[in-house]
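> Sequence:
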Amino acid sequence: MTDYKIETYKEGIEDAQATLGFEITKDWIDFRQTPADGIKRYYSAPDFDPELRLYAYLKNKLIGFMTSTTISYNDDTRKRIQHDFPLVLKEHEEVSELLYNKALETWKAKGFEVVEARVGTNWKGTMELAKKYDYKKKEQLFTHIQLSVDEAKPKKTTNKKFEDFDPVRDRDQLIELYKENYNWTDEQAIANFESIVNYKEGYIFQPILREGDKIISRGLLQITDDKKFALFRPMRPDSRLYFDDYFDFVIAKAKSHNVKTFQFFLGGSALSELDFWKSYGFEVKGELFLYEKEI
2 MTDYKIETYK EGIEDAQATL GFEITKDWID FRQTPADGIK RYYSAPDFDP ELRLYAYLKN
62 KLIGFMTSTT ISYNDDTRKR IQHDFPLVLK EHEEVSELLY NKALETWKAK GFEVVEARVG
122 TNWKGTMELA KKYDYKKKEQ LFTHIQLSVD EAKPKKTTNK KFEDFDPVRD RDQLIELYKE
182 NYNWTDEQAI ANFESIVNYK EGYIFQPILR EGDKIISRGL LQITDDKKFA LFRPMRPDSR
242 LYFDDYFDFV IAKAKSHNVK TFQFFLGGSA LSELDFWKSY GFEVKGELFL YEKEI
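Residue numbers for the sequence shown follow our numbering, beginning at 2 and rising by one.
Please keep in mind that the hints were generated in silico from the structure rather than gathered at the bench.
Do not rely on the hints blindly, as some may be mistaken.
Said to hold, decoys possible - DSSO-like mimics (lysine-lysine), calculated; alpha carbons at most 27 Å apart, straight line:
(1) Lys201 with Lys27
(2) Lys279 with Lys125
(3) Lys229 with Lys286
(4) Lys6 with Lys138
(5) Lys111 with Lys132
(6) Lys279 with Lys80
(7) Lys60 with Lys6
(8) Lys139 with Lys279
(9) Lys279 with Lys228
(10) Lys256 with Lys161
(11) Lys103 with Lys11
(12) Lys125 with Lys27
(13) Lys161 with Lys27
(14) Lys109 with Lys138
What the hints assert, rightly or not - Label-pair restraints from in silico Cβ distances:
(15) Gln83 with Pro168: 36 to 42 Å
(16) Glu140 with Asp16: 44 to 50 Å
(17) Thr35 with Asp245: 32 to 38 Å
(18) Ser273 with Lys294: 23 to 29 Å
(19) Gly126 with Ser273: 28 to 34 Å
Every residue gets a Cβ at the ideal spot worked out from N, C-alpha and C, and that includes glycine.
Go ahead and model the full structure; you've got the sequences and the hints to work with.
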């Protein structure tokens with residue numbers, strides 16, 4: 002252990018951090034390593050604290066890192082921090098404890114009282130680390146469910162026909178729909194619309210249902226670059242009304258792109274809808290939780 006060196010953030014580490022993160026988590030499910038450009042944006046924020054980013058080296062080679070960030074809740078005045086457990090290369094697992102102990106020392110020195118960790122059933126080793134360091138489950142963040150596209154079937158369709166949105170004709174209506182259903186500002190709604198129109202990471206479809214000229218339902222389907230997964234979102238404003246017609250539409254889209262698996266992430270109030278999705282054949286593939294402890 003004496004050969005390992007722990008350091009805080011230094012400008013220019015972002016590319017190496019992203020590369021290492023992708024390597025360590027390449028077989029993980031439900032985890033997405035932030036690319037280097039995204040890390041650089043986060044670390045350029047005015048409130049960025051370099052002491053909350055720790056890196057482990059062996060003979061000047063980066064072999065692991067641990068990140069944490071301050072958080073707050075309106076109903077809790079205690080000083081809180083949220084972190085992910087260390088990401089460390091195989092055969093160097095012992096450095097995980099060095100990173101965690103250094104982080105704990107830093108948190109205490111900065112006056113933090115409660116620490117939170119994201120823990121996933123598919124995030125290798127995190128459940129064990131939460132138990133090792135005496136964290137307790139606080140809440141569930143999401144459930145990951147999947148269904149084979151070939152096995153997907155609507156229960157009972159009607160004569161309601163979803164169609165692809167028209168980026169010119171439907172722009173104003175969709176922006177208003179975002180604002181009403183997600184409580185977004187004009188800027189947020191416009192940014193969301195433009196991100197869909199200019200989507201570059203695979204394929205994206207925004208099915209809509211019209212009643213005359215009015216859009217009465219809207220959904221979203223994303224297909225990954227490798228066409229391995231199709232992820233669709235609940236309809237708005239009602240996630241159940243017209244569901245079978247919506248499901249029929251997204252099944253056809255997925256099959257036309259030779260996608261094999263639907264995946265869906267239930268979070269927040271949607272966690273209570275698991276039985277609904279199971280009734281269509283979806284199976285639980287992973288869960289993400291928030292664990293916490295006082296320090």
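> All the hints need checking, so say for each whether the structure fits it.
Verification of the supplied hints:
1. With a C-alpha separation of about 22 Å, the suggested pair Lys201 and Lys27 falls inside the 27 Å cut-off, and the hint holds.
2. Annotation: proposed proximity of Lys279 to Lys125 holds, straight-line Cα distance about 26 Å (limit 27 Å).
3. For the suggested pair Lys229 and Lys286, the alpha carbons sit about 15 Å apart, so the restraint of at most 27 Å is met.
4. Note on Lys6 and Lys138: the hinted pairing is violated, with a Cα-Cα distance of about 32 Å set against a maximum of 27 Å.
5. Pair hint Lys111 plus Lys132 holds up; C-alpha atoms about 24 Å apart against a cutoff of 27 Å.
6. Taking the CA atoms of Lys279 and Lys80, the gap is near 39 Å; set against the 27 Å cutoff, the hint is violated.
7. Taking the CA atoms of Lys60 and Lys6, the gap is about 8 Å. The hint holds against a cut of 27 Å.
8. Of the supplied pair hints, the one linking Lys139 and Lys279 holds, its CA atoms being roughly 25 Å apart against a limit of 27 Å.
9. Pair hint Lys279 plus Lys228 holds up; C-alpha atoms about 23 Å apart against a cutoff of 27 Å.
10. This hinted pair checks out: Lys256 and Lys161 have alpha carbons roughly 20 Å apart, not beyond 27 Å.
11. The suggested pairing of Lys103 with Lys11 holds, with an alpha-carbon distance near 17 Å, which does not exceed 27 Å.
12. A threshold of 27 Å between alpha carbons decides the hint, and for Lys125 with Lys27 the separation of about 11 Å falls inside it, so the pair holds.
13. For the given pair, Lys161 sits about 41 Å from Lys27 by alpha-carbon distance, which is inconsistent with the 27 Å threshold.
14. A C-alpha spacing of about 21 Å is found between Lys109 and Lys138, which places the hinted pair at or below 27 Å, so the restraint holds.
15. Between Gln83 and Pro168 the C-beta distance comes to about 37 Å, which sits within the given range of 36 to 42 Å.
16. The beta-carbon spacing between Glu140 and Asp16, approximately 34 Å, falls outside the hinted interval of 44 to 50 Å.
17. Judged by the Cβ atoms, the range 32 to 38 Å given for Thr35 and Asp245 holds: they are separated by roughly 37 Å.
18. Checked against the given bound of 23 to 29 Å, the beta carbons of Ser273 and Lys294, roughly 27 Å apart, stay inside it.
19. About 29 Å separates the C-beta atoms of Gly126 and Ser273, a value consistent with the hinted range of 28 to 34 Å.
Against the hints set out earlier in the document, violations occur for numbers 4, 6, 13 and 16.
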